[in-house]
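If you read the sequence shown in full-length UniProt numbering, its first letter stands for residue 1, the second for the next number, and so on.
Simulated from the structure, these hints should not be mistaken for laboratory data.
Incorrect hints may have been included.
Unchecked claim - Think about it this way: if two alpha-carbon atoms lie no more than 30 Å apart in a straight line, the pair counts; the simulated DSSO-like pairs of lysine-lysine are:
#1 K86 - K66
#2 K16 - K66
#3 K64 - K16
#4 K66 - K47
#5 K85 - K47
#6 K64 - K85
#7 K47 - K64
#8 K85 - K16
#9 K64 - K86
#10 K85 - K66
#11 K86 - K16
#12 K47 - K16
#13 K47 - K86
As the list claims (entries may be wrong) - Pair by pair, the computed Cβ-Cβ distance ranges are:
#14 R23 - T75: 18 to 24 Å
#15 P32 - T75: 15 to 21 Å
#16 S24 - D78: 26 to 32 Å
#17 D8 - D46: 18 to 24 Å
#18 T84 - G49: 17 to 23 Å
#19 I4 - S70: 19 to 25 Å
#20 K86 - Q28: 25 to 31 Å
#21 T9 - E87: 27 to 33 Å
#22 D48 - E68: 27 to 33 Å
#23 G15 - G69: 31 to 37 Å
#24 T9 - P73: 27 to 33 Å
#25 Y61 - S24: 14 to 20 Å
#26 N41 - T6: 19 to 25 Å
No residue lacks a Cβ here, since even glycine has one placed at the ideal position from N, Cα and C.
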Amino acid sequence: MTGIHTFDTLPSSGGKITGDTARSVLMQSNLPVVALRRVWNLSDIDKDGCLDREEFVLANYLVKLKLEGSELPSTLPDHLIPPTKKESKSDTLS
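Let the sequences and hints guide you as you build the complete structure.
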């Protein structure tokens with residue numbers, strides 16, 4: 001099941017899932033908590049404590065990378081920032 005399909009099955013409010021909901025799904029990966037914390041910090045681009053569909057798909061992608069043996073970046077590379085998030089990402093850096 002892809003991140004989009006999984007997201008669509010989760011309880012959401014205003015198109016976002018809570019951190020608790022996201023955690024319960026992401027913990028199923030069996031990654032260490034420290035890795036999941038980094039996934040969360042990279043994925044919650046607007047830092048609102050929730051994940052929208054794009055952020056959730058990104059989180060799932062980062063989990064997949066980590067499970068395949070890749071190291072997670074310390075900051076999210078520009079090419080991984082969803083186009084609709086580029087403005088909010090630059091706002092947080094200003």
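Taking the hints in turn, this is what the structure says about them:
{"no.": "1", "hint": "K86 - K66", "verdict": "holds, 23 Å"}
{"no.": "2", "hint": "K16 - K66", "verdict": "holds, 24 Å"}
{"no.": "3", "hint": "K64 - K16", "verdict": "holds, 21 Å"}
{"no.": "4", "hint": "K66 - K47", "verdict": "holds, 22 Å"}
{"no.": "5", "hint": "K85 - K47", "verdict": "holds, 11 Å"}
{"no.": "6", "hint": "K64 - K85", "verdict": "holds, 21 Å"}
{"no.": "7", "hint": "K47 - K64", "verdict": "holds, 22 Å"}
{"no.": "8", "hint": "K85 - K16", "verdict": "holds, 14 Å"}
{"no.": "9", "hint": "K64 - K86", "verdict": "holds, 22 Å"}
{"no.": "10", "hint": "K85 - K66", "verdict": "holds, 22 Å"}
{"no.": "11", "hint": "K86 - K16", "verdict": "holds, 18 Å"}
{"no.": "12", "hint": "K47 - K16", "verdict": "holds, 12 Å"}
{"no.": "13", "hint": "K47 - K86", "verdict": "holds, 13 Å"}
{"no.": "14", "hint": "R23 - T75: 18 to 24 Å", "verdict": "holds, 22 Å"}
{"no.": "15", "hint": "P32 - T75: 15 to 21 Å", "verdict": "holds, 20 Å"}
{"no.": "16", "hint": "S24 - D78: 26 to 32 Å", "verdict": "holds, 30 Å"}
{"no.": "17", "hint": "D8 - D46: 18 to 24 Å", "verdict": "holds, 20 Å"}
{"no.": "18", "hint": "T84 - G49: 17 to 23 Å", "verdict": "holds, 19 Å"}
{"no.": "19", "hint": "I4 - S70: 19 to 25 Å", "verdict": "holds, 21 Å"}
{"no.": "20", "hint": "K86 - Q28: 25 to 31 Å", "verdict": "holds, 30 Å"}
{"no.": "21", "hint": "T9 - E87: 27 to 33 Å", "verdict": "holds, 29 Å"}
{"no.": "22", "hint": "D48 - E68: 27 to 33 Å", "verdict": "holds, 29 Å"}
{"no.": "23", "hint": "G15 - G69: 31 to 37 Å", "verdict": "holds, 33 Å"}
{"no.": "24", "hint": "T9 - P73: 27 to 33 Å", "verdict": "holds, 28 Å"}
{"no.": "25", "hint": "Y61 - S24: 14 to 20 Å", "verdict": "holds, 18 Å"}
{"no.": "26", "hint": "N41 - T6: 19 to 25 Å", "verdict": "holds, 20 Å"}
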